[in-house]
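**Student:** Below are the chains, spelled out letter by letter.
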Amino acid sequence: MVREDVGAAEAASYAKAILNILDDVGEERERQVDSQRAVLNILEDIDTEKIRLESTQKALLNILDDLDLERGKVDRANIDLREVNEAMRGFIAVAAHDLRSPLASMVGFSSLLTENWATLSEENRWKFVSTIDRQSHKLAGLVNDLLTLSSLEGGVLKTQPELIVLGEAVSQCLAASSGDTASVSVSCSSDLVVRFDPLHLGRIIDNYLQNAFKYGEPPVRIEATQLGDMVEVRVLDHGPGVPPDFESKLFGKFARADVTSTRDKKGSGLGLSIVRGLAEANGGQALYRPNIPNGACFVAILPVGEGPPR
Amino acid sequence: MKILVIVEDDPDVQFLIETIFSMDPRFALARVAESAEDALATAQTTEPEIIVLDHGLSGNLNGLEAARQFKELAPQTKIILFTAHAELEARTIDEPAIDAFLLKTDTAGLLPLAQELTDMLSLM
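Quick note, the sequences are listed as chains A and B, same order.
Residue numbering for the first sequence follows the working numbering, beginning at 22 and increasing consecutively.
Residue numbering for the second sequence follows the working numbering, beginning at 370 and increasing consecutively.
These are calculated hints, taken from the structure and not from any lab test.
Positions of the beta carbon are idealized from the N, C-alpha and C atoms, including for glycine.
Mixed in with the good hints, there may be bad ones.
[Unchecked claim] Some chain A residues flagged as far from chain B (calculated, every beta-carbon gap over 10 Å): (1) I67; (2) D119; (3) K148; (4) E189.
[What the hints assert, rightly or not] Derived coverage of chain A by chain B (criterion: at least 3 residues anywhere in the stretch with Cβ under 8 Å from a Cβ of chain B; other residues may be distant): (5) 41 to 51; (6) 152 to 164.
The whole structure should be built from the sequences, with the hints applied where relevant.
**Tutor:** Structure follows, in structure tokens:
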């Protein structure tokens with residue numbers, strides 16, 4: 022081959038090689054661009070993932086907050102339950118004591134009668150039987166009170182509201198109640214009508230009256246006034262009243278203030294709790310106010326009756 | 370004679386305890402008191418062999434509080450806590466002033482228990 026031809030062929034070969042290199046460079050650049058794009062995509066994905074993770078983290082934190090909140094509620098509910106349990110234990114202890122007391126006399130005297138009938142005098146037999154009779158009535162009253170309270174607390178007590186002329190109901194209650202009812206003065210307009218279960222109303226007024234006789238001092242007075250769509254009945258006495266620190270417990274179960282004036286008075290301690298339950302079951306309220314300057318004022322707020330009375 | 374003091378504020382239960390002890394002529398009733406304070410006044414002049422003591426009483430002292438004072442006045446006296454408070458039984462186990470606990474509904478057990486306690490006393 023001649024020298025010129027060789028030179029031209031080399032040049033062509035170089036040129037081809039250069040072209041190839043350029044091609045490779047181009048391809049490499051494309052690959053790099055692709056890689057860069059892929060990296061960018063990955064970075065975008067990471068960003069998206071990061072946002073998703075942040076949002077998941079936020080959701081988890083919210084769940085943890087909610088859990089804390091719920092745990093607080095559960096803790097509080099546990100404390101409430103423990104208090105309810107404690108109150109229930111106290112209630113059962115007092116109820117058991119009060120049920121056992123009349124039972125003791127009944128069991129004791131009936132055993133004495135059974136074992137010594139032939140040797141007992143007629144007078145003693147009569148005394149034993151009348152004690153059993155008295156204590157069995159006491160026991161029956163207490164059991165009835167417990168059942169009424171249980172129905173009230175379970176929300177299953179049935180009320181049969183009627184339109185009642187209040188003055189007549191108060192007079193009937195005074196006639197049926199024990200104690201010095203003749204000395205009780207009444208101030209009640211004859212046109213006052215309430216809508217209430219008559220048995221429940223009788224129980225409320227009688228309970229307030231018996232409280233006034235037992236724990237208060239005369240004169241005892243019953244007053245009634247209409248206030249809007251409610252009628253307020255007040256039973257007032259002039260005794261020592263309720264100690265201020267006991268007022269909040271007054272309508273609780275087995276409530277009996279431990280002061281000298283009440284310590285020797287016997288009662289189930291369920292009366293006012295039942296009164297409040299009966300008042301509320303009939304759409305009313307039961308509450309206490311001091312009778313200034315001295316004494317107690319027990320209040321029943323009753324729904325006013327519309328239309329003609331029964 | 371075994372001197373008996375009854376501390377009980379329920380008249381029917383007072384009468385019941387009196388009647389139960391009247392079945393055993395060895396017991397002589399010294400006092401029926403409604404409050405621990407009244408019974409303590411009696412124990413200052415007459416040392417009873419046996420006291421039947423209720424827990425919830427008229428006056429300011431309850432049965433458990435009164436028992437300690439009775440024992441200070443008359444250490445030999447046997448005390449039966451005769452009450453309707455069943456929950457007190459556990460407390461009386463660690464209370465040296467109480468010699469025996471009896472629920473009020475277990476009236477048949479009262480006289481035998483008093484006899485047993487006072488018989489122990491006469492053996493000492």
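**Student:** Each of the hints needs a verdict: does it hold here or not?
**Tutor:** A quick look at each hint next to the structure:
| no. | hint | result |
| --- | --- | --- |
| 1 | I67 | holds (69 Å) |
| 2 | D119 | violated (8 Å) |
| 3 | K148 | violated (7 Å) |
| 4 | E189 | holds (38 Å) |
| 5 | 41 to 51 | violated (count 0) |
| 6 | 152 to 164 | holds (count 3) |
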